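Asks: This is what each chain is made of:
Protein chains: 2
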Amino acid sequence: MILTVTLNAALDVTYFVDSLVPRTSHRVDTVHERAGGKGVNVARVLSTLGRPAVVTGLRGGDTGDRLRGELRTAGLRDELVPVAGESRRTVTIVSREDGDATVFNQSGPSVTPREWEVFTERYTRLLRDADVVVLSGSLPPGLPADAYAHLVTLAREEGVATVLDTSGPALRAALAAGPDVVKPNADELAAVTGHEDVADAAAALRALGARTIVASRGPDGLHAITPEGSWRATPPERLTGNPTGAGDACVAALAAGLATGAPWPAVLCEAVALSAAAVLRPTAGDFDADAYRRFRTAVPVEEVHAARTHP
Amino acid sequence: MILTVTLNAALDVTYFVDSLVPRTSHRVDTVHERAGGKGVNVARVLSTLGRPAVVTGLRGGDTGDRLRGELRTAGLRDELVPVAGESRRTVTIVSREDGDATVFNQSGPSVTPREWEVFTERYTRLLRDADVVVLSGSLPPGLPADAYAHLVTLAREEGVATVLDTSGPALRAALAAGPDVVKPNADELAAVTGHEDVADAAAALRALGARTIVASRGPDGLHAITPEGSWRATPPERLTGNPTGAGDACVAALAAGLATGAPWPAVLCEAVALSAAAVLRPTAGDFDADAYRRFRTAVPVEEVHAARTHP
Numbered sequence: 001m002i003l004t005v006t007l008n009a010a011l012d013v014t015y016f017v018d019s020l021v022p023r024t025s026h027r028v029d030t031v032h033e034r035a036g037g038k039g040v041n042v043a044r045v046l047s048t049l050g051r052p053a054v055v056t057g058l059r060g061g062d063t064g065d066r067l068r069g070e071l072r073t074a075g076l077r078d079e080l081v082p083v084a085g086e087s088r089r090t091v092t093i094v095s096r097e098d099g100d101a102t103v104f105n106q107s108g109p110s111v112t113p114r115e116w117e118v119f120t121e122r123y124t125r126l127l128r129d130a131d132v133v134v135l136s137g138s139l140p141p142g143l144p145a146d147a148y149a150h151l152v153t154l155a156r157e158e159g160v161a162t163v164l165d166t167s168g169p170a171l172r173a174a175l176a177a178g179p180d181v182v183k184p185n186a187d188e189l190a191a192v193t194g195h196e197d198v199a200d201a202a203a204a205l206r207a208l209g210a211r212t213i214v215a216s217r218g219p220d221g222l223h224a225i226t227p228e229g230s231w232r233a234t235p236p237e238r239l240t241g242n243p244t245g246a247g248d249a250c251v252a253a254l255a256a257g258l259a260t261g262a263p264w265p266a267v268l269c270e271a272v273a274l275s276a277a278a279v280l281r282p283t284a285g286d287f288d289a290d291a292y293r294r295f296r297t298a299v300p301v302e303e304v305h306a307a308r309t310h311p
Numbered sequence: 001m002i003l004t005v006t007l008n009a010a011l012d013v014t015y016f017v018d019s020l021v022p023r024t025s026h027r028v029d030t031v032h033e034r035a036g037g038k039g040v041n042v043a044r045v046l047s048t049l050g051r052p053a054v055v056t057g058l059r060g061g062d063t064g065d066r067l068r069g070e071l072r073t074a075g076l077r078d079e080l081v082p083v084a085g086e087s088r089r090t091v092t093i094v095s096r097e098d099g100d101a102t103v104f105n106q107s108g109p110s111v112t113p114r115e116w117e118v119f120t121e122r123y124t125r126l127l128r129d130a131d132v133v134v135l136s137g138s139l140p141p142g143l144p145a146d147a148y149a150h151l152v153t154l155a156r157e158e159g160v161a162t163v164l165d166t167s168g169p170a171l172r173a174a175l176a177a178g179p180d181v182v183k184p185n186a187d188e189l190a191a192v193t194g195h196e197d198v199a200d201a202a203a204a205l206r207a208l209g210a211r212t213i214v215a216s217r218g219p220d221g222l223h224a225i226t227p228e229g230s231w232r233a234t235p236p237e238r239l240t241g242n243p244t245g246a247g248d249a250c251v252a253a254l255a256a257g258l259a260t261g262a263p264w265p266a267v268l269c270e271a272v273a274l275s276a277a278a279v280l281r282p283t284a285g286d287f288d289a290d291a292y293r294r295f296r297t298a299v300p301v302e303e304v305h306a307a308r309t310h311p
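Chains A and B supply the protein sequences, listed in that same order. Taking the UniProt record's numbering as reference, the numbering of the first sequence is continuous, increasing by one, and the terminal residue is 311. Taking the UniProt record's numbering as reference, the numbering of the second sequence is continuous, increasing by one, and the terminal residue is 311.
It cannot be assumed that every hint is accurate.
To be verified - Label pairs and their calculated CB-CB ranges:
| # | chain 1 | residue 1 | chain 2 | residue 2 | range |
| --- | --- | --- | --- | --- | --- |
| 1 | A | SER107 | B | PRO169 | 36 to 42 angstroms |
| 2 | A | ALA145 | B | PHE16 | 56 to 62 angstroms |
| 3 | A | SER25 | B | SER19 | 15 to 21 angstroms |
Stated by the list, open to error - To be clear about the criterion: a stretch of chain B counts as covered by chain A if any three or more of its residues have a C-beta under 8 angstroms from a C-beta of chain A, and this derived list gives those stretches:
| # | region |
| --- | --- |
| 4 | 91-103 |
| 5 | 164-173 |
What the hints assert, rightly or not - Output of the computed footprint for chain B on chain A, the stretches with three or more beta carbons under 8 angstroms from beta carbons of chain B:
| # | region |
| --- | --- |
| 6 | 104-118 |
| 7 | 124-134 |
| 8 | 268-274 |
Hints listed in this document are in silico derivations from the structure and should not be mistaken for laboratory results. These figures come from a predicted structure and were not determined experimentally. Note that the Cβ used here is the ideal one computed from N, Cα and C, for glycine as well.
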């Protein structure tokens with residue numbers, strides 16, 4: 001099975017309004033609530049693909065209870081570990097006028113050292129049945145910046161491959177532990193390495209310890225730098241819609257590819273097709289199944305040779 | 001005691017962000033939660049003034065449980081009646097950059113006829129010990145537009161004076177039941193009567209059944225049209241701050257005035273002083289006690305004679 005870790009799981013709340021006008025009052029006509037956090041979304045995608053996935057991470061308070069109920073409804077195996085603090089909510093305001101989304105992210109519960117210890121015990125136990133572990137999203141307050149580094153090391157000790165999707169200090173600190181795949185987007189990559197060019201930035205990440213970098217370039221697709229070679233994969237069509245779940249769908253495809261040992265070009269083709277199919281659905285964790293079937297035979301994957309010379 | 005009714009009680013959540021930029025993601029650094037709804041805020045103000053107040057209305061679900069906990073913390077007597085639906089949240093985004101607030105109001109739980117019947121039984125029992133009842137805010141879905149009319153009639157039968165602070169169809173439908181005081185703001189007054197002029201609009205409301213109209217004109221103070229005469233009361237200073245709690249502070253003063261039988265000029269003086277002191281505090285239900293003491297001796301109240309002639 002694929003184990004997904006969401007240390008800062010959230011109740012994702014969406015408010016629909018006619019139009020967002022700062023400094024005014026809005027009547028919210030529809031409210032959607034759903035268990036979220038990147039790892040939860042990855043597990044949803046895997047589960048829809050028919051791949052067994054287990055959700056772990058941290059949850060607390062009334063909001064944590066609601067999260068659990070939501071995961072049960074979605075049919076996902078819930079191995080979230082309780083903490084004393086309250087799980088966060090994210091609030092997304094969607095304007096009916098233009099479909100635009102404005103997002104408010106709480107920082108999450110403060111986690112104590114003892115709670116972190118209890119979590120790592122559960123995680124180590126779950127690793128025994130895992131083929132791949134996905135580490136996704138931000139760290140809640142109280143956790144050390146090297147929390148993901150520790151989880152990568154524990155996975156390596158159990159011989160379990162890791163896919164890491166985070167940013168900033170949490171990403172930087174995890175590299176030294178040698179994650180198998182990191183999936184930054186172009187902005188995150190530039191922020192962590194200081195290089196605007198994707199190839200230069202990826203080379204810098206590899207020098208810091210990551211084995212494979214799959215950089216997402218939004219509507220331009222993926223650029224993968226792996227020990228076996230480098231590839232670019234591009235979506236078969238220009239798509240408009242909701243980009244928030246595309247990264248999670250991509251991570252789901254990377255994890256599934258690692259689990260089966262598929263060659264990189266095939267994995268990237270799947271990752272681009274799933275991401276593109278996710279853009280067509282308004283909710284992260286969903287994808288358009290028909291579009292996915294159509295796209296997966298139509299994604300151009302091109303090998304990139306290190307032909308560039310650096311003066 | 002003064003009974004305050006909040007049929008659509010809410011958990012008021014405030015998110016502080018650096019600056020609100022539509023179509024982007026925001027990190028929320030601070031979250032405040034507090035029991036709200038206009039009637040709850042009125043009870044807070046009364047309680048701070050040392051006047052016994054009881055909170056009734058409807059509450060449901062996890063959010064309703066949190067509301068109760070919050071009322072207990074605030075030392076308010078909680079007589080909220082449970083419903084099966086979930087109490088609403090309001091989310092206010094406050095920008096640290098300029099202090100501006102952007103508000104999102106959920107519509108509230110759907111209330112069944114049986115739940116409404118249970119509520120009116122509790123309400124009738126609570127009326128026995130009440131001097132004045134305050135009916136504040138919007139109606140949750142499922143309640144008939146004449147819900148406040150029914151509550152005004154029940155209060156009248158028990159000889160309890162009523163202060164009504166609502167808008168739109170709920171206000172219009174309640175007038176025929178003859179509430180003692182209605183407190184619309186200028187916009188609400190114009191929307192319900194079609195008259196832009198406050199005196200004309202107030203005369204229209206009185207013709208529909210209200211005894212006294214206290215119209216709030218924001219920073220220009222109050223304009224009261226009563227069976228004993230008409231007065232204008234103006235704040236002693238131009239104030240900037242949070243206007244959201246000013247109306248609730250005004251209603252608290254009106255209810256306290258009705259309870260003691262004070263003459264209208266004295267009541268209006270108190271109402272303007274309390275409203276102005278509430279503008280100085282960032283949270284509805286609070287007021288600046290020092291400013292209140294200073295303002296209450298400095299509010300000009302001017303009698304308005306019906307000198308206008310209508311051609």
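Asks: Okay, which hints does this one fail, numbers in order?
Replies: 2, 5, 7 and 8
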